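**Student:** Protein sequence lines correspond, in order, to chains G and L.
Counted the way full-length UniProt numbering counts, the first sequence spans residues 1 to 595.
Counted the way full-length UniProt numbering counts, the second sequence spans residues 1 to 262.
These are calculated hints, taken from the structure and not from any lab test.
What you are looking at is a predicted structure, and each value in this text was computed from that prediction instead of being measured.
Ideal Cβ placement from N, Cα and C applies to all residues, glycine included.
Among the hints, erroneous ones may be present.
Said to hold, decoys possible - Simulated DEER-style distance windows between Cβ atoms:
id : chain 1 : residue 1 : chain 2 : residue 2 : range
1  : L       : Ser112    : G       : Asp492    : 39 to 47 Å
2  : G       : Lys505    : L       : Lys113    : 52 to 60 Å
3  : L       : Ser161    : G       : His123    : 46 to 54 Å
4  : G       : Asp492    : L       : Glu71     : 53 to 61 Å
Claimed, not checked - Subject to a maximum C-alpha distance of 25 Å in a straight line, what follows is the list of computed SDA-like cross-link-like pairs (lysine to any residue):
id : chain 1 : residue 1 : chain 2 : residue 2
5  : G       : Lys219    : L       : Phe29
6  : G       : Lys219    : G       : Thr567
7  : L       : Lys163    : G       : Arg465
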Amino acid sequence: MQVHKYDVVIVGAGGAGMRAAIESGQRARTAVLTKIYPTRSHTGAAQGGMCAALANVEEDNWEWHTFDTIKGGDYLVDQDAAEVMAKEAIDAVLDLEKMGLPFNRTPEGKIDQRRFGGHTRDHGKAPVRRACYAADRTGHMILQTLYQNCVKHNVEFYNEFYALDLLLVDEDATREDGSSYTQKRVAGVVSYELATGEIHVFQAKSVVFATGGAGKVFKTTSNAHTLTGDGMAIAYRAGLPLEDMEFVQFHPTGLAGLGILLSEAARGEGGILRNADGERFMERYAPTIKDLAPRDIVARSMAEEVRQGRGCGPNKDYVLLDLTHLEPAHIDAKLPDITEFARTYLGVEPYTEPVPVFPTCHYFMGGIPTTVKGEVLQDNDTIVPGLFAAGEVACVSVHGSNRLGTNSLLDINVFGRRAGIFAAEYAHDAEFVELPENGEARVVEQIESLRSATGTEKVAALRSRLQEVMDADMQVFRTEESIRRALAEIEDLRERYLNISVQDKGKRFNLDLLEGMELGYLLDIAEAMTLAALGRKESRGGHYREDYPDRDDANFMAHTMIYRDETAEMEGVKGIRFETKPVVVTRYQPMERKY
Amino acid sequence: MSTVNETAEPASKVELNQSGDGAGAVESFDIILKVRRYVPETSEESYWDEWKLTMYGTDRVLDALHKVKWEHDGSLTFRRSCAHGICGSDAMRINGRNRLACKTLLKDLDLSKPITVEAIKGLPVEKDLIVDMEPFFQSYREIMPFLVTSGHEPTRERYQSQKDREIYDDTTKCILCAACTSSCPVFWTDGQYFGPAAIVNAHRFIFDSRDEAGDMRLEILNDKEGVWRCRTTFNCSEACPRGIQVTKAIAEVKQAILARSF
Chain G
1 MQVHKYDVVI VGAGGAGMRA AIESGQRART AVLTKIYPTR SHTGAAQGGM
51 CAALANVEED NWEWHTFDTI KGGDYLVDQD AAEVMAKEAI DAVLDLEKMG
101 LPFNRTPEGK IDQRRFGGHT RDHGKAPVRR ACYAADRTGH MILQTLYQNC
151 VKHNVEFYNE FYALDLLLVD EDATREDGSS YTQKRVAGVV SYELATGEIH
201 VFQAKSVVFA TGGAGKVFKT TSNAHTLTGD GMAIAYRAGL PLEDMEFVQF
251 HPTGLAGLGI LLSEAARGEG GILRNADGER FMERYAPTIK DLAPRDIVAR
301 SMAEEVRQGR GCGPNKDYVL LDLTHLEPAH IDAKLPDITE FARTYLGVEP
351 YTEPVPVFPT CHYFMGGIPT TVKGEVLQDN DTIVPGLFAA GEVACVSVHG
401 SNRLGTNSLL DINVFGRRAG IFAAEYAHDA EFVELPENGE ARVVEQIESL
451 RSATGTEKVA ALRSRLQEVM DADMQVFRTE ESIRRALAEI EDLRERYLNI
501 SVQDKGKRFN LDLLEGMELG YLLDIAEAMT LAALGRKESR GGHYREDYPD
551 RDDANFMAHT MIYRDETAEM EGVKGIRFET KPVVVTRYQP MERKY
Chain L
1 MSTVNETAEP ASKVELNQSG DGAGAVESFD IILKVRRYVP ETSEESYWDE
51 WKLTMYGTDR VLDALHKVKW EHDGSLTFRR SCAHGICGSD AMRINGRNRL
101 ACKTLLKDLD LSKPITVEAI KGLPVEKDLI VDMEPFFQSY REIMPFLVTS
151 GHEPTRERYQ SQKDREIYDD TTKCILCAAC TSSCPVFWTD GQYFGPAAIV
201 NAHRFIFDSR DEAGDMRLEI LNDKEGVWRC RTTFNCSEAC PRGIQVTKAI
251 AEVKQAILAR SF
């Protein structure tokens, strides 16, 4: 075992982690741990753009962007946080440009902007051109640009180091009102080096979690194989809450049967969705902004068309994304990658044929609760000093119950930057928290027992069963019955998980072993999601309950907070505690959400 | 400020032009997958392992590797992440050619023969299909792969004309998968050579109108291990999964060095 000491340790090297590292690295001694090479991170898969009210091509302002974000999130957005994001969006884009990002340009040479779902002029009057973009590889260019700047600033990376535990220390503390509570403090991170199998303990004054989402709980997903909810599950196991885990975004246009993302920019540039009758069905569901309605609405409308028998193909199980009315030159200039995906993976020529698409699991709105400074919360109001989170792993909450397209690339830049700055500032004034004795023991035990296990269950079989169950019962339509069915299956899989074994017993690059660890995270996340979904007996944003089809502000205008707690029980599942947290409302009272 | 590029509102209803099969058709076929294994913990020698697998319509080489790992032999080791050709993790030699496993459809290969999969060449193999990427990233870091400017930063964005933006568009697509560099015969015999990927990334900045360190990068690439080692075999351009015209980019860098005549 090796022990390292840094002021700031950042876990994850996607957009949020590297944006944090650029800030923190220039202020404090910083290390970045990442389970894959930084340029492999899934930020690179983002396509369409990053919204900011630059008003480069038409009138716009950050207040409209704030409103759209809040309405898009079906009023579960913390409005103070949305305001910070929309305001700082402008500098976030300009910073990236100054770092070298090759944005597409207007004829005058300014950063060009295009339309995106749910982003509107003057509170919903019409779609607005707000998304700054680099063809349909904006995420790729952001990831590359951030990595380039990390190279420029000599950021220290530990590549292919898996974080497997977060070391928190409990202290007795007293509140201002005299009541006592347990204050958690961060001491460091336990990590596993892929190349050697060695355990490394990183002691740090500040730790930033930027580990991304958990899309691999579903079978049909736009997410990378590596997105297994590691950071969320590690924090949850360490006794921290997870917020709003029932809200998962299904991106409307995944390549049918494969889930590979086709950017909403396809619709921003004029593409439309059609059913088997050739009908532009979004005219019925969102008469004003049609195909550019927010993703939850479009995804549900697509699934509804298929349920009513208007799906396409031999099994009538998808709809079509039609680009055939667009000029091929326009498609080549603005959407080169996604049209190539259609050609490569489905053999469809988008110039002349519509592309088969169906919703694909895309994004977790929920995650580790944080303040607008990225500070992690251990309950509704108490921060964990020195612990930060940013990006998809975090829940600020700027996305509420449904994230608008492009707001994730914005989120990672705005809150990644903030987390990096505040983590470094905290480390400047703080002392190291002493590492707990044998802090690595839990991880060593897990790893060694998994390596030597002789159980009969296979990781891949359990994982694919989980993914099938989640696709069947936790997708865009949910009912009490379907959620309970998923939960029962998850509990069964958790039992079976205790009896797994792996074939690779070696130390070098043992990805077999790590897939076993990752399955454990997926099961924890799936359980938290289903329990949160059971608790929310209303429909809001990405969480649609057919048995409770309306939003219910009187009873459910609150964030869900799920805790691991040995003394509690929820819906028959032992060890889980369920609470709520108020939504921050500043200037926008909830209204009916129509487009 | 008027809106630009307005397209006409598309029809509410159309007759569909659809071939009909699309994603629904599922054909299955059998393949033989041969993988060159190397597990230094058990043996210093590499060896070939093979499996007969039943695969389906849109399956890629990555799906076949996963099928082996998940159903037959969990110790088979390879890198992968996004699985659709944008993260650059799974460059490997497939039937003797460098490709991304996630972008190579099985049905596009000759299935009458075994499909061979090996680690990319020229970088030290660590285990099975995993190579040490450090030398590759080292070359990348040496060409100053970041925008260099001087003077005060503008309050707003730097302007760049669409024409100037277009000049280096192709080389911004690089995903650092190493398919090009590890397909280069010069790189195989001389590990010190910067290699195509580093030159592509230098090109991306040298031809960016906003950048001011082009001369420094050209000087770096004028080195004996720089662009002049390129023998224009075009392997790199053929290998690039992003369709970057790598050899053309290298030629443009060579011309730029000559034009500035050090």
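**Student:** Does Thr567 of chain G lie within 25 Å of Lys219 of chain G when you go C-alpha to C-alpha?
**Tutor:** violated (33 Å)
**Student:** Would the pair Lys163 of chain L and Arg465 of chain G pass a check requiring their Cα atoms to be no farther apart than 25 Å?
**Tutor:** violated (51 Å)
**Student:** Please verify whether Lys219 of chain G and Phe29 of chain L have alpha carbons no more than 25 Å apart.
**Tutor:** holds (23 Å)
**Student:** Honestly, do Ser161 of chain L and His123 of chain G meet the 46 to 54 Å range at C-beta?
**Tutor:** At roughly 35 Å between Cβ atoms, His123 of chain G and Ser161 of chain L fall outside 46 to 54 Å, so the hint is violated.
**Student:** Can you let me know if the beta-carbon spacing of Ser112 of chain L and Asp492 of chain G is within 39 to 47 Å?
**Tutor:** holds (44 Å)
**Student:** Take a look at whether the Cβ-Cβ distance between Lys505 of chain G and Lys113 of chain L falls inside 52 to 60 Å.
**Tutor:** violated (33 Å)
**Student:** Does the Cβ-Cβ separation between Asp492 of chain G and Glu71 of chain L fall within 53 to 61 Å?
**Tutor:** Taking Cβ atoms as reference, Asp492 of chain G and Glu71 of chain L lie about 21 Å apart, which means the hint is violated.
Going through the hint list in order, the structure does not satisfy hints 2, 3, 4, 6, 7.
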